[in-house]
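Given only the sequences and the hints, what does the whole structure look like? Please build it.
Protein chains: 2
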Amino acid sequence: MTSTSPFTRPLKRLLPIAAWLPNYRKSDFSGDLMAGVVVAIMLIPQGMAYAMLAGLPPQVGLYASVIPLIAYALFGSSKTLAVGPVAMVSLMVASSLSAIAVPGSPEYVGFALLLALMTGVLQLVMGVLKLGSIVNFLSHPVISGFTSAAAIVIGLSQFKHVLGVSIPGTEYPWQMARELAFSLLDTSGATLSLSLAAIAVLIAFRKALPPMLARLGVSQTWRDAVARAGPLAVVVGGTLAVYALDLHQAHGVKIVGEIPQGLPSLTSPQVSWEATQKLAPAALAIVFVGFMESVAIARTLASKRRESVEPDQELFALGAANVAASLTGGYPVTGGFSRSVVNFSAGARTGLASILTAMLIALTLLFLTPLFYLLPKAVLAAIILVAVVGLIDLKTLRLVWQYDRYDGVSLLLTFAAVFGLGVESGILIGAASAIALHLWRASRPHVAVVGRIAGSEHFRNEQRHQVETLPDVLFLRIDENLFFANARKLGDLLINAVAQRADIKHLVLVASSINHIDAGSLEVLEDTAHKLHDAGVALHISDLKGPVADRLKRVEFEKHLGDGRIFLSAQHAWEALKDA
Amino acid sequence: MTSTSPFTRPLKRLLPIAAWLPNYRKSDFSGDLMAGVVVAIMLIPQGMAYAMLAGLPPQVGLYASVIPLIAYALFGSSKTLAVGPVAMVSLMVASSLSAIAVPGSPEYVGFALLLALMTGVLQLVMGVLKLGSIVNFLSHPVISGFTSAAAIVIGLSQFKHVLGVSIPGTEYPWQMARELAFSLLDTSGATLSLSLAAIAVLIAFRKALPPMLARLGVSQTWRDAVARAGPLAVVVGGTLAVYALDLHQAHGVKIVGEIPQGLPSLTSPQVSWEATQKLAPAALAIVFVGFMESVAIARTLASKRRESVEPDQELFALGAANVAASLTGGYPVTGGFSRSVVNFSAGARTGLASILTAMLIALTLLFLTPLFYLLPKAVLAAIILVAVVGLIDLKTLRLVWQYDRYDGVSLLLTFAAVFGLGVESGILIGAASAIALHLWRASRPHVAVVGRIAGSEHFRNEQRHQVETLPDVLFLRIDENLFFANARKLGDLLINAVAQRADIKHLVLVASSINHIDAGSLEVLEDTAHKLHDAGVALHISDLKGPVADRLKRVEFEKHLGDGRIFLSAQHAWEALKDA
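From first to last, the protein sequence lines are chains E and X. Letter 101 of the first sequence, counting from 1, is numbered 88 in the numbering used here, and no numbers are missing. Letter 480 of the second sequence, counting from 1, is numbered 467 in the numbering used here, and no numbers are missing.
Derived from the structure by calculation, the hints contain no laboratory data. Don't take every hint at face value.
Heads up, the list lumps identical chains together, so a pair's fine if it works in one copy or across two of them.
Listed below are the simulated DSSO-like cross-link pairs for lysine-lysine, each with C-alpha atoms no more than 27 angstroms apart in a straight line [to be verified]:
id, residue 1, residue 2
1, Lys117, Lys194
2, Lys382, Lys518
3, Lys492, Lys291
4, Lys382, Lys540
5, Lys(-1), Lys476
And the structure:
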């Protein structure tokens, strides 16, 4: 079974479970079982809460927590990633679907299936095409700004449940804040009290309980498990409170209501061309954000155990999970941050933990849904609220702003765009702003006139070091790759450098910091060499990096320099030109 | 009048005419007059032809050749740029307007005014905000691919006039090719004969006539003038042929028909919010393409006379010209490539040449429009066809492909996108592809293990040079800026480099090719330093560029490296670590 024949090797790459399941060690089982149970306890309330956030009936969140988890376990290269409904993706589902259907309506639920199918197919295709590196387009500050803003938007969206008020649907997040402010006077006292109690209990479970248990000598694993059981506790406590105090009938506290019992039936999303077109940007944004969140946490956890995660295989596995979600009454899923950490620290060793979680959720669907009838929505909102507060990331803003204003600007732009224009526009504007600022920076390269440090072969910036120079030779170092962002400026830059010094006969472009010259810039260099020649100045190039030099040789660029030459180093140029 | 008082200096910058007109030299007048006349002779047929290409009545092209030229002459920093209708922008006008109105209808003409207004306002605002460098986003290969494809699309769009057939409107250029193929059998013999004759005459004027005149001893200036008079000749000849042979009534050759006599009246574009939204992408694309074409030729011509062109001022002046076009019955204009070259070589010294051209066009509108009644559309189509053939640029494709596949791919992608999806999508996809390929390249940086060239302080790639190394120190040079495109790979890269060599205790990142480290990459470096530390390896950095080093100092980065250090150069690191 452990053979590595040419037949089984590709199979194991495509289907990682084929590699680990045959070699499953009994000693791993206790950890997988523990993790499976703890994650299920976390996922039952979260699944329902995130479905509510997405504007879907609570059972959809549970349906999305059965077969998709098993699909990921088959194909995923991470052994500890916990897939299922997550807050950020749920928010994106809500924002895209509410533009084309009424939340909670059958069409809305149908479109959620379609969106899961589109997301899944996109991920499968991108996985097969090995486009996993596409996440590189999102810079760290953009991700940070997006996450903070999305956390606030998610929090805002739950305030109506926390306060027990009804507000009209809004297009942009900032409008929701306004509507909430207007409805503050309608707050339901019973609902708010219940919410605050739930929040207090959730915080207590996280912060106060573990140290108490530690003093009682409870082991780390159990302390962690208890700390994560807060949501389950408030679900049970909240339901009992509604029952005991008759909060629903007598005080108008909103409850989850009837959840159909039984496993999800096979569903087929209604594929309509019109809806597909309308949902395409959302599907793309969900692929981006979902994949990013998933790979980030999967890598972090894998590196702790010196395991590895294959981004392309991850895309494929998430795609399989989303297609599974679309066929079994779910909605888009991805690897969740906090649940994966819990899965890992509760002892998950293999994907079996996820399979066990899925089986427990299935049992819940079969037997326990009647128990959720009186579950108050305010409690689910409290669970979301406490979960997302930790995502607001001011530390990165402070650090980034101090280190690099450009990065700080793209962080703030992303934040503002999410809040002002919504999550999908936000992530796109964020990505575009980071790229635009990168190009803008590249369009204004740092340029140094360099000279030789006496007695050495080192050429350094004459403004930072004591250097010697030649009277009629100017050594100019451009600290940037030469490509379209600065191609048009390049010519001006070289010509201006000479224009300021009438006695110059040779201009040496020191290319030690240039890792790439694109075709357009090459043309500019050639043009500039001609112009400089007319002004009696020869343009030389020195210190070309190997790959750049190879490429210039391919088009015989030295010939195009006229009376200019290509020198191996600035020192060689110095020797050759000092008596010229 | 030549004072440079604090009051007049800003005026002269905003209104360049205020600088040159008061100092106008009589000796410049003959050149300006000659150029003004030659360009007018060229512009009359071209203006009508390009208006037809844009789906507008012929007089609109003439209206766009009066006040907009004067507006540009007031504000433009180029003294020889010939503004007016151009092929590429006309094509973009056609493709965007035909989606929302019927070509030639009053609404269509009204939307053309709105589009000119939007283009103009955008350019004015961008000029004031000094956003001229935005054209840097378009790489040379993208521009080349776009121009070639647009030339073919323009040519295709004229074939129906050349053949004298009617084809239904199409959404994408490739569909037009299909419709044309289907309609070949309906070709009008008379129209085709006329078209071929016109094409032959146009080519003869360009290629055959100048050498003949040269042999007759005619001066260069006059030869050039005659060579450019081809369009006028075919306009006159074609009109006479229609009249003499009764081609319109008897043979169904389509004619221009009645052109209203007189100057354009003041128009006010119908500004509707809905239309503005729909036209916004087109306006943006026209700003891009129009500005690019204009600045490229203005710069080329200015540099020949050691004059200078201010991109931001150019944006402002083109904006003024477009706003003028929208107020006087025109449509979007820009600086034309071939007309500017003619203007320059016919002797234009100042903007007065353009003002004279405008006056001649105005006289034409006042007195000569009845003469164009019988002008055949096939002749105008022939003029366009001959003009755009020269824009198809296979040379750049060949050169670029040879030098750099990435650039070649973005050229071909742009070409295919213009042809398959239309001009606006084409230019956007082109720009995006160049940026994506730039990031993709940056995400896979060249990495070299470097060693010391014996007896020197130079550190070079050990695969290219004979170098000495230290047994437990690895010097790694990464030839790329560290930013979001490669931040995620950076950690893997450093760790893999060490993983392959078990005996390494120090990893020195030689940063001589790194011009910038963004916030996210800094975090990756810090994480990686910790991971390497756990594996018993210290991460050092050497050869930081001044500005990069300054920035790292600001956040006291050396402290975050753990047991790693920042060295001035690889040589310093060598000395410090060789006995460690």
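Each hint tested on the structure:
1. Lys117 to Lys194: Result: close neither inside a copy nor across copies, 42 angstroms intra and 53 angstroms inter.
2. Lys382 to Lys518: Result: close only across copies, 22 angstroms inter versus 51 angstroms intra.
3. Lys492 to Lys291: Between copies, since 21 angstroms is at most 27 angstroms while 59 angstroms is not.
4. Lys382 to Lys540: Answer is between: at 19 angstroms across copies they meet the 27 angstroms cutoff, but 48 angstroms inside does not.
5. Lys(-1) to Lys476: Between copies, since 24 angstroms is at most 27 angstroms while 52 angstroms is not.
Consistency with the previously given hints fails for number 1 only.
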